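Residue numbers (the working numbering), protein chains in the order written: chain A, 1 to 147; chain B, 1 to 82.
Derived by calculation from the structure, the hints in this document are not laboratory data. In this text, all values refer to a predicted model and were calculated from it rather than measured experimentally. Heads up, the beta-carbon is just placed ideally off N, CA and C, and yes, glycines get one too. Check before you lean on any hint, since a few could be wrong.
Said to hold, decoys possible - Below, a sample of chain B positions facing chain A; criterion: calculated Cβ distance under 10 Å: (1) R3; (2) F47; (3) T50; (4) L54; (5) G70; (6) A74; (7) P77.
Stated by the list, open to error - Think about it this way: if two alpha-carbon atoms lie no more than 25 Å apart in a straight line, the pair counts; the simulated BS3-like pairs of lysine-lysine are: (8) K147/A to K40/A; (9) K147/A to K137/A; (10) K53/B to K40/A; (11) K59/A to K53/B.
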Amino acid sequence: MILLEPHSFDPYMHLSAFSRETGGAGAIASFIGVVRGDRKDVRALFLDHFPGVTERAIKGAAAEAEGRWPLLGLRIVHRVGETPVGEPVVLVTTAAAHRRAAFEACDFLMDYLKTDAPFWKKEISGEGEVWIEPRAKDYADRARWSK
Amino acid sequence: MARLLFFGALGDAMGRERALALPDGVATADALIAYLCASDPVFADAFRRTKVKLAVNESIVDPEAPIGDGDEIAFLPPFSGG
Numbered sequence: 001m002i003l004l005e006p007h008s009f010d011p012y013m014h015l016s017a018f019s020r021e022t023g024g025a026g027a028i029a030s031f032i033g034v035v036r037g038d039r040k041d042v043r044a045l046f047l048d049h050f051p052g053v054t055e056r057a058i059k060g061a062a063a064e065a066e067g068r069w070p071l072l073g074l075r076i077v078h079r080v081g082e083t084p085v086g087e088p089v090v091l092v093t094t095a096a097a098h099r100r101a102a103f104e105a106c107d108f109l110m111d112y113l114k115t116d117a118p119f120w121k122k123e124i125s126g127e128g129e130v131w132i133e134p135r136a137k138d139y140a141d142r143a144r145w146s147k
Numbered sequence: 001m002a003r004l005l006f007f008g009a010l011g012d013a014m015g016r017e018r019a020l021a022l023p024d025g026v027a028t029a030d031a032l033i034a035y036l037c038a039s040d041p042v043f044a045d046a047f048r049r050t051k052v053k054l055a056v057n058e059s060i061v062d063p064e065a066p067i068g069d070g071d072e073i074a075f076l077p078p079f080s081g082g
């Protein structure tokens, strides 16, 4: 399941539904990304996307993950619009028979979402709004998966 | 008319969507960028600040790709999610 979510979501509800759905999987890995509140004045992230195109692009990455690892399921929930500090902005969870495939596919999908999915991210603070581009580290993380 | 879509920082600078009658001689993605930079200082400034990819009818294209009336042309700054 791939979901672009315009409202607050509960990642634990998704995890619980996902683990029911994949009953019998030996391993479920998950990552929850939360809007960081460690920089002064930042109160929210705004996520822009390209309706239709963003969903299709993520489906493509999910298909690639399914080709590379023997997955029994995956779920991606990504916020769009304004997300306040402290709220989840992304959930990736993967299921497989054994842990390595679940961990690696989850890591791969998160690296993909950071740099290659059609999202644009803006930090909203008391001082104004700033569009954020990926850091060199994000591109390096993504490059680890090049074949 | 072509339909132009702007995302991220470009959307803030240009507005989300514009209709444009493509002038004579503007037949590729590259030529459209040159035309917009020459005719719109706001676009020229926003475009200089960031690397932009183009999608024509929802597929990312090379700068030499042909464009025409009726196309949807999207301007995509570097992606940044998660």
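For each hint, the structure was consulted:
1. R3: At 13 Å from the nearest chain A Cβ, R3/B fails the 10 Å test, so the hint is violated.
2. F47: Since chain A brings no Cβ nearer than about 14 Å to F47/B, farther than 10 Å, the hint is violated.
3. T50: T50/B check passes; min Cβ-Cβ to chain A is 7 Å, inside 10 Å.
4. L54: Not OK, violated: L54/B not within 10 Å of chain A, min 12 Å.
5. G70: violated (18 Å)
6. A74: The hint holds - A74/B has a Cβ within 10 Å of chain A, the shortest such distance being about 7 Å.
7. P77: holds (6 Å)
8. K147/A to K40/A: violated (40 Å)
9. K147/A to K137/A: OK: K147/A and K137/A at ~19 Å, within 25 Å.
10. K53/B to K40/A: Violated: K53/B and K40/A sit about 32 Å apart, past 25 Å.
11. K59/A to K53/B: Status holds; Cα separation ~20 Å.
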